[in-house]
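Assemble the whole structure, with the sequences as input and the hints as a guide.
Chains as they are written, first to last, in the numbering used here: chain A, 6 to 203; chain B, 29 to 130.
Among the hints, erroneous ones may be present.
[Said to hold, decoys possible] Simulated pairs of lysine-lysine, DSSO-like, Cα-Cα distance not exceeding 27 angstroms: (1) B:118 to B:30; (2) B:121 to B:30; (3) A:26 to B:100; (4) B:121 to A:23; (5) B:121 to A:15.
[Claimed, not checked] Partial pick of chain B residues on the chain A-facing surface, computed with a CB cut under 8 angstroms: (6) 75; (7) 79; (8) 89.
Don't read these hints as lab results, they were simulated from the structure.
All C-beta atoms in this analysis are idealised placements derived from N, C-alpha and C, irrespective of residue type, glycine included.
Here's the letter readout for the chains.
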Amino acid sequence: MSPRIVISRKINSIPSVKGFKPYGDNILETKKDPVYLTYEEIEAIRLCDYEGYTHLQASSFMAISRPTFTRIYARALQKIATAFVEGREIIIHEGNAYMDSSWYYCSSCRAYFTHPFAGVPVDGCVICHDLHVTSVKTNSDSTEKSDIALGFCICTRCGYEQKHHPGVPCSSQTCPNCQHHLIRKSHKHCANTKKDRL
Amino acid sequence: MKLALCSSGNSLDSSLSSFNHGASWIIFYDTQSKIIEIIPISEPVSFDAIIQLFREKNIDLFISSDFEQDLKPLFDKMKVRMVVFKDIEKKNKEIIEMFQTK
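Listed below in structure tokens is the structure:
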């Protein structure tokens, strides 16, 4: 059975530092492996403990479900506690995150550009004003990859498919054709869908 | 609109360059007044000096063949749009012409 697909987490900005180092007399004598914190874990700490949002609010900012957010947050605290207690270095790395105001690509002039104006929709290419611009994730090469990562919700009765929305359980959605509850496409029961039988 | 282009040379015939690796000049261009200004980048590159320069010149677009991802939050905060042309053979004058023909 293949492992569950992990979706990218949305972060507001890249952390301002690349890590933290402990200091003291016996740090050099007892050199230990560093603790690796990901961008999404830093973002979870920032939203909850720095900005003061609840887990539910913070999870919506990161476009993930509340239980997933709680797991990321708990993991971040566990890592920070390990680093503090054992006197380990903390290294911050990219992990599986993308930024909210990401890059855009214009297929007409082949330019990548940013749009740093929050709340203002992108009204075309900044160079040639062509309207055919696509959003590009920071840690992937194309928008296709993000669709694959998010996956699809599928109806096991008629084979209807729709794009999965992060934070919305597939089972809470119903098929518009036969009113049957949807499940994630990678689920083991999907092998018996009508499409597959055909 | 005021542009800043990373250039490998001090002329418009020079090719666009990466901001962090290989850019030794910055070309400033004002699309309204058509004034072109070419400024050398001192080594090692001082980001603070460049940010200060951009603030003074009210730059709207910063064009390069590549940026480090860490720079994006910095320019986002300044409301400067970053533009990347992956085509490393692209000449500075070709990019400026794109704005002149609009």
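Right, here's what the structure says about each hint:
With a C-alpha separation of about 19 angstroms, the suggested pairing of residue 118 of chain B with residue 30 of chain B holds against the 27 angstroms cut-off. As the CA atoms of residue 121 of chain B and residue 30 of chain B are separated by approximately 15 angstroms, the hinted pair is consistent with the 27 angstroms bound. For the hint linking residue 26 of chain A to residue 100 of chain B, the alpha-carbon distance of about 25 angstroms falls within 27 angstroms, and the restraint holds. Distance restraint check for residue 121 of chain B and residue 23 of chain A: the Cα-Cα separation of roughly 37 angstroms exceeds the 27 angstroms cut-off, and the hinted pair is therefore not satisfied.
Between the alpha carbons of residue 121 of chain B and residue 15 of chain A the distance comes to roughly 37 angstroms, so the proposed pair goes past 27 angstroms and is violated. The restraint placing residue 75 of chain B at the interface with chain A is violated, with a minimum CB-CB distance near 13 angstroms, outside the 8 angstroms limit. This hint is violated: residue 79 of chain B has a C-beta 14 angstroms from the nearest C-beta of chain A, more than the 8 angstroms allowed. Evaluation of the residue 89 of chain B hint against chain A yields a held restraint, the C-beta minimum of about 7 angstroms falling below 8 angstroms.
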